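Asker: For the protein sequence lines, the chains are A and B, in the order given. This note's numbering puts the first residue of the first sequence at 1, with every later residue one more than the last. This note's numbering puts the first residue of the second sequence at 1, with every later residue one more than the last.
By construction, these hints were calculated from the structure, which means they are not laboratory data.
Note that identical chains are pooled: a pair holds if it fits in a single copy or bridges any two copies.
Each computed DSS-like pair below joins lysine-lysine, with the alpha-carbon atoms no more than 30 Å apart:
| no. | residue 1 | residue 2 |
| --- | --- | --- |
| 1 | Lys378 | Lys318 |
| 2 | Lys378 | Lys270 |
| 3 | Lys348 | Lys230 |
| 4 | Lys230 | Lys215 |
Small disclaimer: the values here were computed from a predicted structure and weren't measured.
There are 2 protein chains.
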Amino acid sequence: MKAWLDTTLKALNLVDTMEQPNGFTRLGYSKEELASMDVFREVAEELGLSVRKDHAGNLMARWEGETNQVVLTGSHLDTVENGGGYDGVAGVLCSLGAVKALKESGFKPHHSIEVVCFASEESARFGVSTIGSKSVAGIFDKSVENVRDRHGTSIREAVESTGLEWSSIGQAERPQDEILSFIELHIEQGTQIEDHGAGFGIVRGVACPIRLKVKVEGMAGHTGTTPMGKRTDALVALAPLITFVSKEAERLSNESTKPLVATVSTLDMKPNVMNVIPGYAEAGIDIRSVDDVLKKSMANKIIEQCRNLENEFNVTIKLETLVDNSSILLDEELTAKVKAAGERLGYKTYEMDSGAGHDVMNMAAKWPSALVFIPCEKGISHHPMEHSTLDDLYAGVKILAEVIQQEAGE
Amino acid sequence: MKAWLDTTLKALNLVDTMEQPNGFTRLGYSKEELASMDVFREVAEELGLSVRKDHAGNLMARWEGETNQVVLTGSHLDTVENGGGYDGVAGVLCSLGAVKALKESGFKPHHSIEVVCFASEESARFGVSTIGSKSVAGIFDKSVENVRDRHGTSIREAVESTGLEWSSIGQAERPQDEILSFIELHIEQGTQIEDHGAGFGIVRGVACPIRLKVKVEGMAGHTGTTPMGKRTDALVALAPLITFVSKEAERLSNESTKPLVATVSTLDMKPNVMNVIPGYAEAGIDIRSVDDVLKKSMANKIIEQCRNLENEFNVTIKLETLVDNSSILLDEELTAKVKAAGERLGYKTYEMDSGAGHDVMNMAAKWPSALVFIPCEKGISHHPMEHSTLDDLYAGVKILAEVIQQEAGE
Chain A
1 MKAWLDTTLK ALNLVDTMEQ PNGFTRLGYS KEELASMDVF REVAEELGLS
51 VRKDHAGNLM ARWEGETNQV VLTGSHLDTV ENGGGYDGVA GVLCSLGAVK
101 ALKESGFKPH HSIEVVCFAS EESARFGVST IGSKSVAGIF DKSVENVRDR
151 HGTSIREAVE STGLEWSSIG QAERPQDEIL SFIELHIEQG TQIEDHGAGF
201 GIVRGVACPI RLKVKVEGMA GHTGTTPMGK RTDALVALAP LITFVSKEAE
251 RLSNESTKPL VATVSTLDMK PNVMNVIPGY AEAGIDIRSV DDVLKKSMAN
301 KIIEQCRNLE NEFNVTIKLE TLVDNSSILL DEELTAKVKA AGERLGYKTY
351 EMDSGAGHDV MNMAAKWPSA LVFIPCEKGI SHHPMEHSTL DDLYAGVKIL
401 AEVIQQEAGE
Chain B
1 MKAWLDTTLK ALNLVDTMEQ PNGFTRLGYS KEELASMDVF REVAEELGLS
51 VRKDHAGNLM ARWEGETNQV VLTGSHLDTV ENGGGYDGVA GVLCSLGAVK
101 ALKESGFKPH HSIEVVCFAS EESARFGVST IGSKSVAGIF DKSVENVRDR
151 HGTSIREAVE STGLEWSSIG QAERPQDEIL SFIELHIEQG TQIEDHGAGF
201 GIVRGVACPI RLKVKVEGMA GHTGTTPMGK RTDALVALAP LITFVSKEAE
251 RLSNESTKPL VATVSTLDMK PNVMNVIPGY AEAGIDIRSV DDVLKKSMAN
301 KIIEQCRNLE NEFNVTIKLE TLVDNSSILL DEELTAKVKA AGERLGYKTY
351 EMDSGAGHDV MNMAAKWPSA LVFIPCEKGI SHHPMEHSTL DDLYAGVKIL
401 AEVIQQEAGE
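Here chain A stands alone, though its shape is the one from the complex:
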């Protein structure tokens, strides 16, 4: 199984070695994501599963049971730019591995089992995340149609470039009574499992972000001829906000029982040339905590700080809330079953919250859902150095197989 995991991991990542200095770039609805999905199709068919693509570009590999009801498991294959080879892939791989293990053990499913590759989980390309799983859950908002990537391609164009029809993406939704449960495995992207000496993590809740766009309008001017006292430099007005977000998030997090994180993660300037004072600067801020009140409080402090900076620097600051989603609690019963299954296999579990969004948060809106974390080295993620060991992937396979057997059995 470990040799198969190693081979299949590389195959799904479209590489011969996981040592990739520039990491992995498979943006949502790109030809690279499709190429990885093609590998998924081959591997699943070798395992005897029948694979279909739905109207949102998700792939579903099915092991037919005695009933039409489905135990669903899987994750995604897209990545951020220059990301790692485990985020998403680990879940798809372990789900396939669990099916392989169950087949080899002679298991005959009562309910059907499906392994899913959700399309375009990352928000890296369009700033819109989990398009595939939102579509399956029937909560994808098609009004984002004309949101464009940095090359000017709209979501709609990207979706249609893969051979899908934008108008029928809603048909990817599945009826509530067709799916019994959804279990996703993912790398932790943090160090809590390791910090607590555990073997894997079992997730109680997913911290969904508040995302703000801060648009600072100053006044451009020649860098050589505008005296310091006569400037309205948008970047100079924005700089203290970057420091504020970092310091205030650390303070609030330390004072609270639930952690909070906040990041100025994007910054774009105009005109961004050497001899012109920045007339315009735009920052994207990502705030997360499973404690929605704490998260909201951080957002309010940022808004208040923007008003202060407006006065101090004589700029205009416009604020836009891109995303404000409440945190998601996962299914207590299914989560308890996953935890028990892991413990039966001899692993120490750690109950935790997820700071990152995952496909499971959309599935949880409609079906009993659970999320399993396996450790990743030093918590490094969205980075070429992202790494999980084969032992941890193998443990993930065993846990998923144990739970799926229980859920899909008679």
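Put chain B on the given structure of chain A with help from the hints.
Answerer: Frame of chain A, contents of chain B only:
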């Protein structure tokens, strides 16, 4: 003359009205710069001048005198992105206007007169400024050949796309004894003329910049899963430097007899996406003063501050000096003649330094050179709202005509 100035101003700017909300974009060696130069050629030929293009893409419009020695005047037609319609154009326009005025007055030049449009004065496209005038002065460094614009086009490719040959660009150099003097008119891009109640400015020296690139290497990571205390955020490490540069430049400038300006004018991040902590941030800093010691002192303070930030935020900061040019003093005798000419015409003059670089700084390395400033409204420049009045342009025409008559006469 004023109607001609108005019409020709718009023609050189390729517009029907100077009210352009997005300003003017004619980058160096672009088809837009060439289109503007085509208009220059037409206007110059209408005035009876013979126009030639040199090996660097500069246009020279010649009024043949009795000798082959040349009194040269002019400026440039390229702009920054979304810049104004007067920076550069005002100088070319007033030089043409001066020739028109002299022709109409029946003046017969003893020495030849040439109006020049220097190619690619702005550094907006490649970070390399005054390519045309450097070539004429024989100080263009061809090692920048492979410097690329944001679309990946190299300087060499851009130059050759206009029909020139990179290998022969050096042939644009003109012998020392061929040119008697060079006089450039430019908009002030500041408010000192206005602040001192003067009609025009006469420039003693040009403050050439020190330009630094600051490269901050932190560690990328998932914004949702990396606790605040475990981050190495490149942008958070860079933010205090933005504030420092602004405050320290203001302090040093206030304490000194000569002004100093410093600007963090460019900022680029990787990966610059919503859900990844900035792992890398790169800032460009532009420092200017005619006081080279003061300028160097500011650069050293920035370098020192970078070392402090490295320690405080546990990042690696690499520094690169892109440009470090000593300030240029203009020709005292020629400058005195320009001042006297303006005063004879009844204008109050203000002697000042230039915070911006201009083509004249390259010409001054080889020939007696002078720089005249006309006011521009509120000092706004490199911006769509950049504006000089027709009265000020007309005053510029009269001053240039007066000086050229004196220099090119018997």
